[in-house]
Amino acid sequence: MSTLSPGALPISALPWLVAAWLFAVGLYGIVTSRHCVHLVGCLTVCQSATYVLLLGLGYVREAGPPVFYDHPPGTPAVDPVVQALVLTDIVVGAAVTALLLAIAIQVQRRRGTLDPQALRPLRPPPPSAE
Amino acid sequence: MSLSETLLPVAVLLPLGAATLMLALAHWLPPRLPKIVAIFVALAVCAICLGLAHASLDGPVRHWFGGWTPDAAHRPGVVLGIGFQADPASAALAAFCGLMFSASFVFAWGYFDTEHAHFHVLMLLFLAAMVGFCLTRDLFNLFVWFELMSIAAFALTAYPLGRSALEGAFTFTVTNALASFLMLAGTGLLYARTGTFDFATMGEAVARTGSDPVLTGGFVLVAAALLTKAAILPFHLWLADAHAVAPSPVSVIFSGAMVSLGLFGLAKLVAQVFSGSADVTGLVHGLLHGLGLATALVAGVMAFAQRHLKRLLAFSTISHLGIMLTALSAGTDTATAGLLLYILGHGLTKGALFMVAGTLLSLRQSADEIVLYGQGRGLWAPALAMIGGGLLLGGLPLGLMHGATGLIERSASAPAQAITTLATALTGAAILRAAARIFLRASGVPGPELLAPTEREHEKPDRPVWLMAFPALALVALALVPPGAALPFLGAATARLHDPSAPPLALPEGGSVNLVPLGLTAALFALALLRRRALHRPARAVTRAERAGFRALQALHSGLVGDYVTWMAVGLALFALASAL
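Protein sequence lines correspond, in order, to chains A and B. Sequential numbering of the first sequence, starting at 606, is according to our numbering. Sequential numbering of the second sequence, starting at 3, is according to our numbering.
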């Protein structure tokens, strides 16, 4: 916790740009996707943007990992808090992805298609299609 | 540690623990036991939180997990621990969630054929997440509860595994998962600037920092996430699909408690963290106010043009959330008090109305007001609940919602007041029109609602009517409680939301009885009932123009996940533009 004076975290522009790019690419993928599993993949890309952003925020130049097992306390280290956040979010993301894929399997069973453009809740397909 | 400080985490641990135990023992428990346990757990959570609300009137009740109090770090301004804090408003809302869940559990008795307690496990997880969301004072912890709430909600929406339920759940999951990514990114940005997650410490740091684009960016991302949960235009598109296809007992919770918690979270953050930032306050007063009004109006019109009862109620919820957002963005103490009271009044009424929709789905195998024409005869108890609920939403000058509207309108400008009144009347008239068709066989020729999406569906029939009607009537009766009794508590709750040691606020007693919304509701209702087939040329032209307008509006709510995500991006761009100006 050696870096916690407010406003002192060094933020370089690169991680920001990468995060914004990843998020935008993921969004584009979701919007144009024609397959639910592909869409779930795009969602994961969006999520990776948040990981990059968070790790970028906690990065300290020329500092080691926040493990003080063989370093004396006080050695410069990157911020462990954001790493904990990323770890938590990976777990949450895994749960959401699993749930979405399970839903996708059930949709495929019931509808025979996984094209998001064909899936409209409460708007049944014309009778001939069933 | 006092009793209330010990009880604070129990309010979350009890439903979490009960859910875990029930999941572990699911295959051995007798089928009725989980239902009974779930009802009692929800009631216990309600009682604990009421006790906390009472105890916190003397000062906030705090609990630091693992004993990591702010002093434990031995460095002023550094908070390492995660804390829970019950102020009267948060604890009262948590108690309200417990109440809604117990009503919903009673309503859901015998709802599923085979369940192995999984429904109740998910619902208890959902309850734990909502209570945690209310009680935490740590931004990252807030995010975790937000996520847990979302995941439980996703699974519950897809629970029936029907065609529409799966598709609605898919859209719901994708949009809300994106929202939670935004929230995480925003949380990270705020942490980078303030070096803490604790609300109070963060608020001090924000006030010290002053104008800073990173802070504003962090707020925008967190606000966008909470507004997605609270279904504010243009982030609202998922709600109508998800609430319409979820099982009725789940829709009760979604509309009654979950979505308004999003707004409550935002109100709490604005009051406790961002009150010192001029940029954020400007955004709240400007953009959020406009979005609230737009939401109220658009969703009110959409509600009026629906025929599927649950979809109609979902749009009415969005419209009322817009009204609540105008109260939030007004920022005055009376408006905030009005917001808190409105959340309760609206939640109780909307919960009851979704129960009526569920009753019709199980007894008459449809939720389509045109298919159900005249089918509701003999169901006097659901009819009473539906007409009562419709009148309450439409501005009946009685009960909690009327009191809340009076408080909100004290600080609203005349045009804003006109828009919220119109939105109220549109939603009330839509519900009354459906009730008149279903229960009284009274109807004009259907108007734009003929274009609205609908579905043939049904829910499990063999449940006694009284079991479904009793919780609905009880909720309507609670919504009719005179608001004057709650004013002293509300005054304390509003003041403490901003500053835990503030003296209670003296709220103005209920002003004049405002009959305008009810009159407008009656007028719109009469218009729907007196509608006749357009025979003459001018009448046909009017009908055609009306249809074109409504068709365009329905087309925007396309049900396609790609469109919904595009609109979310548009909303974010709107926020970016407003904060750059």
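Honestly, the hints are just simulated from the structure, not real lab data. Just to be clear, a hint being listed does not mean it is correct.
To spell it out: a stretch of chain A is covered by chain B in this simulated footprint if at least three of its residues, at any positions, have a beta carbon under 8 Å from a beta carbon of chain B; those stretches are [stated by the list, open to error]:
hint : region
1    : 655-662
2    : 672-682
3    : 686-692
4    : 708-718
Label pairs and their computed distance ranges (CB to CB) [what the hints assert, rightly or not]:
hint : chain 1 : residue 1 : chain 2 : residue 2 : range
5    : B       : GLY551    : A       : ARG714    : 34 to 42 Å
6    : A       : GLN688    : B       : ALA508    : 18 to 26 Å
7    : A       : LEU706    : B       : ARG412    : 44 to 52 Å
Calculated from the model, a selection of chain B residues having no Cβ within reach of chain A, i.e. all distances over 10 Å [said to hold, decoys possible]:
hint : residue
8    : SER6
9    : ARG34
10   : ARG165
11   : ALA194
12   : GLN367
13   : GLU461
14   : ALA487
15   : ARG535
16   : ALA571
Glycine included, every Cβ here is placed at the ideal spot set by N, Cα and C.
Each hint tested on the structure:
1. 655-662: It holds, with 4 qualifying residues against the three required.
2. 672-682: violated (count 0)
3. 686-692: Per the Cβ count (3), the hint holds.
4. 708-718: holds (count 6)
5. GLY551/B <-> ARG714/A: 34 to 42 Å: 39 Å, holds
6. GLN688/A <-> ALA508/B: 18 to 26 Å: 49 Å, violated
7. LEU706/A <-> ARG412/B: 44 to 52 Å: With Cβ atoms ~50 Å apart, the hint holds.
8. SER6: Consistent with the label, SER6/B stays out of reach of chain A, its closest Cβ about 29 Å off (over 10 Å).
9. ARG34: Non-interface label stands for ARG34/B: nearest chain A Cβ at 28 Å, farther than 10 Å.
10. ARG165: ARG165/B is in fact no farther than 10 Å from some Cβ atom of chain A, at 5 Å.
11. ALA194: 4 Å, violated
12. GLN367: The claim holds: GLN367/B sits with its nearest Cβ about 16 Å from chain A, beyond 10 Å.
13. GLU461: Fine: 15 Å to the nearest Cβ keeps GLU461/B off the interface.
14. ALA487: 41 Å, holds
15. ARG535: ARG535/B is indeed farther than 10 Å from all Cβ atoms of chain A, at 26 Å.
16. ALA571: 6 Å, violated
Violated hints, listed in ascending order, are 2, 6, 10, 11, 16; each of the other numbered hints is respected by the structure.
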